[in-house]
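Asks: One letter stands for each residue in the lines below.
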Amino acid sequence: MSWTDVRAAIDAAIEGFERLAGVSEEHSRDADSLGARIATVFDGSGNELPATARDHTASAAVRVGDSAAGYREAARLCRDYLAAVDPDGAAGSVEGLGAPTPIGPLKGGYGPTGSPVARQAVTDVSRDRCHVYPEQGPKGLHDLTMRDDGIVALRSGWMDAGGHARRRHGGGVTEEQLGERAEEGKDPANGSGVDWETGREHSRVRHATAFVSDTDLVFAEAAVWNSREGRAAIAEAEALGEDRVDVKLKAAGVFGPDFRRHVHGRTRVGSSANPQGSVPTMFGDDTRIVVVYRRYDADSPWRAYTCYPKA
Amino acid sequence: MAELSERMLNLIERYNIDGDVGDDDLAKTAKLPAYEWLAEEFEQALLAGAFTTETWGVCYNGGLDPEDTDLVDRDLRLFWSAIFPGHPYPLPPPQETE
Numbered sequence: 001m002s003w004t005d006v007r008a009a010i011d012a013a014i015e016g017f018e019r020l021a022g023v024s025e026e027h028s029r030d031a032d033s034l035g036a037r038i039a040t041v042f043d044g045s046g047n048e049l050p051a052t053a054r055d056h057t058a059s060a061a062v063r064v065g066d067s068a069a070g071y072r073e074a075a076r077l078c079r080d081y082l083a084a085v086d087p088d089g090a091a092g093s094v095e096g097l098g099a100p101t102p103i104g105p106l107k108g109g110y111g112p113t114g115s116p117v118a119r120q121a122v123t124d125v126s127r128d129r130c131h132v133y134p135e136q137g138p139k140g141l142h143d144l145t146m147r148d149d150g151i152v153a154l155r156s157g158w159m160d161a162g163g164h165a166r167r168r169h170g171g172g173v174t175e176e177q178l179g180e181r182a183e184e185g186k187d188p189a190n191g192s193g194v195d196w197e198t199g200r201e202h203s204r205v206r207h208a209t210a211f212v213s214d215t216d217l218v219f220a221e222a223a224v225w226n227s228r229e230g231r232a233a234i235a236e237a238e239a240l241g242e243d244r245v246d247v248k249l250k251a252a253g254v255f256g257p258d259f260r261r262h263v264h265g266r267t268r269v270g271s272s273a274n275p276q277g278s279v280p281t282m283f284g285d286d287t288r289i290v291v292v293y294r295r296y297d298a299d300s301p302w303r304a305y306t307c308y309p310k311a
Numbered sequence: 001m002a003e004l005s006e007r008m009l010n011l012i013e014r015y016n017i018d019g020d021v022g023d024d025d026l027a028k029t030a031k032l033p034a035y036e037w038l039a040e041e042f043e044q045a046l047l048a049g050a051f052t053t054e055t056w057g058v059c060y061n062g063g064l065d066p067e068d069t070d071l072v073d074r075d076l077r078l079f080w081s082a083i084f085p086g087h088p089y090p091l092p093p094p095q096e097t098e
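As they're listed, the protein sequences go chains P and D.
FYI, my numbering numbers position 193 of the first sequence as 193, with every residue one higher than the one before it.
FYI, my numbering numbers position 62 of the second sequence as 62, with every residue one higher than the one before it.
Treat the hints loosely; a few may be bogus.
[Unchecked claim] Below 25 Å or equal to it, Euclidean Cα-Cα: the simulated SDA-like pairs (lysine to any residue) are: (1) K248(P) with P88(D); (2) K248(P) with L9(D); (3) K248(P) with G57(D); (4) K28(D) with G172(P); (5) K107(P) with P94(D); (6) K107(P) with P93(D); (7) K28(D) with R147(P); (8) K31(D) with W302(P); (9) K28(D) with V122(P); (10) K28(D) with E238(P); (11) K248(P) with V212(P); (12) K250(P) with A82(D); (13) K28(D) with K250(P); (14) K31(D) with R244(P); (15) K250(P) with K31(D); (16) K107(P) with L91(D); (17) K28(D) with W302(P).
It should be emphasised that the hints constitute simulated quantities derived from the structure, not laboratory data.
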C-alpha cells in the first residue's frame, strides 16, 4: 500500500467519523427529546415498569451522546497524525517547495583540478515531503521509488550540501571506485589520495561500501532520522549541547531481510601496506546503516554529514 | 593494558569516520560540562597504550591491520590537538615496521 493510498484511507476515515458523529448527535437530540417526553408522562407514576423504562431511555441517551464524542476524538487523532507526517498534504512531491537557504561556511572541495567544488550546507526544505513511510520497510522504499517526482534528487542535493554521503557512498559510486578506495586509499569523491572533505590524506579502509542507488541512500537516511534511535540521539545531543551525532541501525531493519540488494562494496585483500586486490564485500547479518549528523551550533539545523553501510 | 570504556569507544567512533577526524566538533564537545571526563580519560588511555590498531579499528569500516600504526598515530594527534589545544603531543611517533 502506498502512502497515497494510506492518506486517502485516513481522509476517508476522518470523513466517516465526522458523519457518524453528526448522526450520533442527531440521535442524541432525538433520544433527549424522547426521554424528556417519557419523563413527563411517567414522572410521579407509582408503577415500577414505566419508571424502569424511563431510566433505560435516559441511560441510552447518554451512550449515544458519548459515541458522538468518541467519533470526534477519532477524527481529531487522525488529523493530528496527518499533520505530523504529511503537513501540507503533498508528501513525496516537490511541488511548491521553496528554495533552500545556504548556511555556514564553504567546506570540502579538496583534491586535484576538476574535483567537485566546495560545498555549503543548506536548510532542509524537503524533509516533511520525504515521508518515506519507513515503518513499512521495503514497501516504504517501493513507495518512495514509485512516487519520486524529484524528491530523491532534492534530498540528495541537501545531503551533497551538508557532507559527502552521496559522493562517497551514493548510487553513482562504481565498483572500480570502491576498489580503488579499499586498495589505494583513493577518495571516490575526487579520485585521488587527497580527502575531498579535509584536504588530508584519505585513509585506506578495508571495506569501501556504498548504496546501490541514490534512492536507497535517501531512504536509509530518512529511516534513520525517523527512527526511535535517531530521535533519541538527536534529543540527547541537543540536551548536552553537542553538535555531532552518530546513529546506527541494523540494515535488515531499514531495508528488510534482503538488505544486501541495496548495498555493495569492495573489501581489500591483504594489508593496507601490501594490498593484493579486492573482492566484493560480504555484508553480515549485523551490517549497520550509519548516519552522522552535524550542526554548526545550537541554532543551526542538523545536516547529514555521511550515511553508509558498515559491514 | 588499560581497556577503553564504552563511552570512550562510542566517542572515538563518532568523531572518527574512516580516518575523517572531526576535530572541529570534538574541540567544542571537549568543553561541554557533560564531557568533563574526556580529557583525563583520554590522556590516561593514551599514555597507557590503550589505543591500538585493534581498538582504534572501531572507527574504520572493516577495522585496521596491525601495521596501520601510522593511521592511529595521525588520528590520535588530531584528537589530542582538539582536546588539549596548544599542548604538545606526549608520545613519540610510532617506530617504523620492516
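Asks: Hints first: check each against the structure and report whether it holds.
Replies: Tested hints:
Among the hinted pairs, K248(P) with P88(D) is inconsistent with the structure: their alpha-carbon atoms are about 34 Å apart, more than 25 Å. Taking the CA atoms of K248(P) and L9(D), the gap is about 14 Å. The hint holds against a cut of 25 Å. This hinted pair checks out: K248(P) and G57(D) have alpha carbons roughly 17 Å apart, not beyond 25 Å. With a CA separation close to 34 Å, the supplied pair K28(D) and G172(P) exceeds the 25 Å bound.
Among the hinted pairs, K107(P) with P94(D) is inconsistent with the structure: their alpha-carbon atoms are about 31 Å apart, more than 25 Å. Restraint check for K107(P) and P93(D): not satisfied, since their Cα atoms lie roughly 30 Å apart, outside the 25 Å limit. As the CA atoms of K28(D) and R147(P) are separated by approximately 41 Å, the hinted pair breaks the 25 Å bound. For a cut-off of 25 Å, the pair hint linking K31(D) to W302(P) stands: about 20 Å separates their Cα positions.
A C-alpha spacing of about 22 Å is found between K28(D) and V122(P), which places the hinted pair at or below 25 Å, so the restraint holds. Between K28(D) and E238(P) the alpha-carbon distance is near 14 Å, which keeps this suggested pair within the 25 Å criterion. For the hint pairing K248(P) with V212(P), the CA-to-CA distance comes to about 19 Å; that is within 25 Å, so the pair holds. The hinted pair formed by K250(P) and A82(D) fails the criterion: a straight-line CA distance of about 31 Å is larger than 25 Å.
For the given pair, K28(D) sits about 30 Å from K250(P) by alpha-carbon distance, which is inconsistent with the 25 Å threshold. Taking the CA atoms of K31(D) and R244(P), the gap is near 14 Å; set against the 25 Å cutoff, the hint holds. As the CA atoms of K250(P) and K31(D) are separated by approximately 32 Å, the hinted pair breaks the 25 Å bound. Distance hint between K107(P) and L91(D) is unfulfilled; the C-alpha atoms sit about 31 Å from each other, more than 25 Å.
Between K28(D) and W302(P) the alpha-carbon distance is near 16 Å, which keeps this suggested pair within the 25 Å criterion.
Going through the hint list in order, the structure does not satisfy hints 1, 4, 5, 6, 7, 12, 13, 15, 16.
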